[in-house]
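Dock chain B against the given chain A, drawing on the hints supplied.
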Amino acid sequence: MNGREDEEVTAFVRARYGSLLRTAFLLCGDRGKAEDLVQTTLAKTVVVWSRLQRSEGIDHYVQRVLVNTFVTSTRRRSWWEKPLGRLVESQARDEYMGVEQRDVLRRALNALPARQRAAVVLRFYEDLSEQDTASALGCSVGTVKSLSSRGLQTLRKQWVEAGTVADQEVRYA
Amino acid sequence: MHDTTELRDGLVDLAESVTPAEGYEDRIMRQANRLRSRRRLATGTAAAVCLAVLVTMFRVVGLGSTPHLVAAPPDGPFLGWSPVGDVNADLVSEASEVWDQAGSTGPHTAVRAFVATHHPRLGSAVVVLQGYDKLGVARLAFFTGDSGAADALRMRVDRPAPDPVKTQVISLVGPRLTGAVGEVGQGSNASTIAIAVAMPGVTALRVSSTAVDDEMTQDPGGPTSRLVVKRFPIAATAQTTTITGFVKPDRPFASAAKVFEVTGEDGVDGDARAVSAEVVSRTSHQIVVSYPADQEVLPGQLAVEAEGLVGRVKAVDATRSEATVELVTSTGFAGQVYTNISDVPGSVRGTGEKLVMENISADGEVYQTNRVLMPDPSQQSDQVGAVTIGRASVDKAAGATTVELTPTADLAHLTSLFIMTPSAD
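So the protein lines, in turn, are chains A and B. Following the working numbering, the numbering of the first sequence begins with 1 at its first residue and continues without gaps. Following the working numbering, the numbering of the second sequence begins with 174 at its first residue and continues without gaps.
Treat the hints as calculated values from the structure; they're not laboratory data. One or more of the hints may lead you astray.
Listed next, the in silico EDC-like pairs over lysine to aspartate or glutamate satisfying Cα-Cα at most 16 angstroms (straight line) [what the hints assert, rightly or not]:
1) B:Lys487 <-> B:Glu469
2) B:Lys307 <-> B:Glu270
3) B:Lys527 <-> B:Asp490
4) A:Lys44 <-> B:Glu198
5) A:Lys157 <-> B:Glu198
6) A:Lys145 <-> A:Glu161
7) A:Lys157 <-> B:Glu179
8) A:Lys44 <-> B:Asp199
9) B:Lys527 <-> B:Asp583
10) B:Lys307 <-> B:Glu356
11) B:Lys339 <-> B:Asp199
Which bits of chain A does chain B cover? Going by a derived footprint, with three or more residues having C-beta under 8 angstroms, they are [claimed, not checked]:
12) 60-74
13) 121-128
Glycine included, each C-beta is placed from N, C-alpha and C at the ideal position.
In isolation and in its complexed conformation, chain B is listed as follows:
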C-alpha cells in the first residue's frame, strides 16, 4: 500500500464482503422501543429527584410558608409570656418594693416579672412587672434606674395590664427614664429611651424613630431578642417611635417576616400626653379631627403622626370634641424651627403646596434631606419632643437664607393622628 488510492481500493474491497443479514429492521425497532422506555424512565426519575430537591430546599433553605405568631395562652388577666433572659431576683424584689411604695395601689400580689436585668445600653437596670394591686386589678409597671441616685430603681409607669390575648408587644418610650421621677435626663443621659418587650415567638424586635435617621434591630433568635432598649435623641417621643416585630423561621437563609408594627407607648410622669384623634373631614389646607370627649385639646397644640408633624390645632369645638388642624403646607402655617444635629435656626411657613424654611443665617449650612424640627409647645423645652416637620428638598445655596422643605408626614392619606397636650402634672 503505497498511496491512498490503493488504500481506498483495499477498504472498498474489504467492506464489500459484508452483506446485511435478514430481520435487522425488527431488531432496530425493538432496540429503539427499549431506548424510548429507558429515556422515559430516566426523565421521570430525574423529575422526581428535582421535585424532591426542590421540596427539601423549600423546607431547609426557608422558602416555606409565611411564619406566623402563635399567641401564648393568657395567665388569667395577665400576659402569659415567659420572662426575657435571666430574671434577677434581687431586682424583682427591689422593684416590687418600689411599686408597693409608689402611690396608694400597693401592696401588690402575684407579682411576676417579664424583664429584670441590668442593661448595658441603658447603663442601669430595667424591670417590667405584672401583678395585682390592693384592689385586685391587674397592673403592669416599668422600672429603670436613677443615675442620680446610684441607679436605685424608680417606677416610671404603672398601667392597667394590657389585653392578655391580643397584645403582641409592650413598650415605654420617653425622655424621663434615666433620672429622678419626672425629670428629663441630664448630660450623657439626655436622651429618649425606648424599651420594648415582645411576646414569645417574636425572634427580633426593631425600634426606629422619625426624630432621627436611626433604628436598631436586635439579633434574631437570641435569649434576649424579645427585649430592645435603645437611646434616641431627646426629640424622640413615643408617637414618633415605631416598634416592629419579626419572626424568622429556624431554617438557614430563611428571611424574617414582619408580624407587627406599632407606635411606642408613653405615660411617664412629666411627659406630654398624646390625645389620639380620627380624621373626620379634610380640605387642601386643613383637616377636622375627632378626639375623645374626656380629653382637653387647645388651639396651638401640635398634631403629629409617626412620620412627623401634620399641623397645628387652629380651632376647637369642645362640645363636639372636634378640632380643626391647619396643615403644615397651608399658607397660614408658620413657626420657629431648627435643623436636627447641626441646630441651624430659622422659621418656616407653608406655601400651599410645600414648605419654606426662611430667615436662616447666610452662613448656616442646610443640606438636602437634613431634618428640620419644630419645638412642641406642650413640652418643657424646645429640644424635648421636637417634631420633624420636613426635610430639606435641596442644598441651601451659599449666602441664601431660605430653603424648600418636603413634609415628612403623609398629609394626603391621614386617617388618624395624635394631638400633643401638656403633661397633667
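Extracted from the complex, chain A is given alone in its bound form:
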C-alpha cells in the first residue's frame, strides 16, 4: 500500500467510523463490542482496499462485512468469552423518560435474534431498501421481509410489556 492509498484509507476510516459505530451499537447493544466490531470491519476493508478500488460500492461492502461479522460473532462465541452466568437485569429506574425509553428500546433490541436485529437496524435505522438489506444480509428479499416483520412484532410486544411494567411501578410507587 503506497502513501496515496494510505491517505485514502485514513480518510475513508475517519469519514465512516462514526456512522458505523452507531449502527454497530444498535446491533451489539454494547459500546465496547460495537467498537470492536467496527474496528474488525474496517481492518478487513483496509486489507482488501486495493481490490475494492477497482470495484463499485465500497460502502455496500463495508456494510455487508459489518453485518456478517456481527452475525458470525453471535454464532461462534470465543472460548474466552463464555458467559459465567445469566445476569438478570432489573429494569433501571430513570426519572428522565427519554433515557428510560432508550433503555427500553436497547433491551428490546438485545432480545432479538442477531439476524432479526440486523434486519431491523438496516431497514429502519440505515433506511436501506429491502433489496439492499437482503444484499447486506446475504439472503433473499422474502427473508428480509420475514425477519423485519418478526423483529418488529417482538419489539412491539417488548415495548408494550415494558410500558405496562413501568405503569404498574409508577402506580405502586
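Relative to the frame of chain A, chain B by itself:
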C-alpha cells in the same frame, strides 16, 4: 412504539448517544497489519501443503519419471536373467537330454533354465535353456512338446547365446513348434506359436502379428509376466510378429512405459529363412537393397517388413549383393491373393499409386479393412507365412469383381526389410 416512524426515531435517538473515542485509526491500521500477516502466513502454508500433496501424488499415483530397465549383470557369456516362474526340474532334465542327443553339439554343461513349465496356451511344455556345448561355446535352445508323441520335448532351435549385456528379450516364432521336428502343426495345432522371454524388470510383454488383427499383453507384475506364449494364424511369421516390453512402476495408477519393441526371432527347422537387407536407393516403383554376401537371394522372392508385404525381388546382382525389389504398388506387380479368414481368392496388381484386387467372384464378400494375404513362394504352402499385402479401402460392391486395396507396409519410409528365402533343409 406503534409505528415504524416511532421506531426510526427511537433508533436514531439511541444511536446518537454513541460518539467515537480518540485513537481508533491507529487501532484499525494495526489490526489490518495483523490480518495481512495472518493471511500471508495462511497463503504460504496452503502453498506448502499443496506442494506436499502434489509431490506425494507424483510419488504415490505414478506421475514420476519415466521408468527404465536396469540390465541384469551377465552370467559369464550367458544372460544373467533369473528364471521365469517355477522351474520344473523334470522338464529341465528331459530337455537337457534332448539337447545332448540333438546333433553333435552335446553333451552340454553348466545348463541353466530360463523357463521350464507346462504352458496352458501351448498345451504342452516349453523349456528354454542356456549352456555350453562340447566345444565350450555358450548356446541357447528352445524346446516344446510334440503333440503327436505324447508331448515329448523336441528341440526347436539351438542358437549361439545372445549378447548377455544388450539383450532385452529372446523369442522364437514359427508354425513348426507343436508337432514333429520340421513339421507344421496339424488340425487344432495348425498355428504359428510365438514364445518370448524378457529380461528381469520387464513387467509385461505384448506380442502382436500383422497377419491378423490380434495381440496379447500379459498381466503386468505377475510371476510369469516376463514370459508370453501366443497362438497366431499359420500365416504369421517371425518377421511379421512384434514383441514389445513394458515397465510399470510399482505405484497405483502408474502407466506402463514401453522399453523395447523388436521383431520376433525365427530359426526353426523347416521355416523359411529371412535375409535382412538395407535400402540403398529407391524410385517410385522399386527399391534397391543390399543384403549380406553370404546369403542367397533369387528373383521372385518376397520382400517384407513387420507391417506387411513390400514387394517382390525383380533382379539380383549377386556380385554386389544387391537386389532390386519391385514395390507392390508398381504397375508391373501382380500375383494371386486371398482375403484373411473369409478366404476369398483373387489376383492383385499395382496401379502406380495403389493396389487393386481383381477377379473376385461376384458373390465373394470383401469389406473395408479386410486383410488380403499373398502366399509366400518360399513357404511350403499358400497358407503358411502368407504376407498381408493390404487392406480393402472400401466395401466391395455387390456383383463387383474388383476392390481397391491400401498397402499395409509403409513404402515411403523404408530403411530395412527382409527377403523371404526357402528353408535350407
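Here is what the structure says about each hint:
1. With a C-alpha separation of about 14 angstroms, the suggested pairing of lysine 487 of chain B with glutamate 469 of chain B holds against the 16 angstroms cut-off.
2. At roughly 14 angstroms between alpha-carbon atoms, lysine 307 of chain B and glutamate 270 of chain B fall within 16 angstroms of each other, so this suggested pair holds.
3. This hinted pair does not check out: lysine 527 of chain B and aspartate 490 of chain B have alpha carbons roughly 28 angstroms apart, beyond 16 angstroms.
4. With a C-alpha separation of about 13 angstroms, the suggested pair lysine 44 of chain A and glutamate 198 of chain B falls inside the 16 angstroms cut-off, and the hint holds.
5. With a C-alpha separation of about 40 angstroms, the suggested pairing of lysine 157 of chain A with glutamate 198 of chain B is violated against the 16 angstroms cut-off.
6. As the CA atoms of lysine 145 of chain A and glutamate 161 of chain A are separated by approximately 24 angstroms, the hinted pair breaks the 16 angstroms bound.
7. The suggested pairing of lysine 157 of chain A with glutamate 179 of chain B holds, with an alpha-carbon distance near 15 angstroms, which does not exceed 16 angstroms.
8. For the given pair, lysine 44 of chain A sits about 14 angstroms from aspartate 199 of chain B by alpha-carbon distance, which is consistent with the 16 angstroms threshold.
9. Proposed proximity of lysine 527 of chain B and aspartate 583 of chain B is supported: the alpha carbons are some 12 angstroms apart, at most 16 angstroms.
10. Pair hint lysine 307 of chain B plus glutamate 356 of chain B does not hold up; C-alpha atoms about 28 angstroms apart against a cutoff of 16 angstroms.
11. About 76 angstroms separates the Cα atoms of lysine 339 of chain B and aspartate 199 of chain B, which puts this hinted pair outside 16 angstroms; it is violated.
12. Proximity of the segment 60-74 of chain A to chain B, defined as three or more residues with a beta carbon under 8 angstroms from a beta carbon of that chain, is not established by the 0 residues found.
13. With a cut-off of 8 angstroms between beta carbons, the segment 121-128 of chain A has 4 residues touching chain B; three or more are needed, and the interface restraint holds.
Figure legend: structure checked against the earlier numbered hints; hints not met, in rising order: 3, 5, 6, 10, 11, 12.
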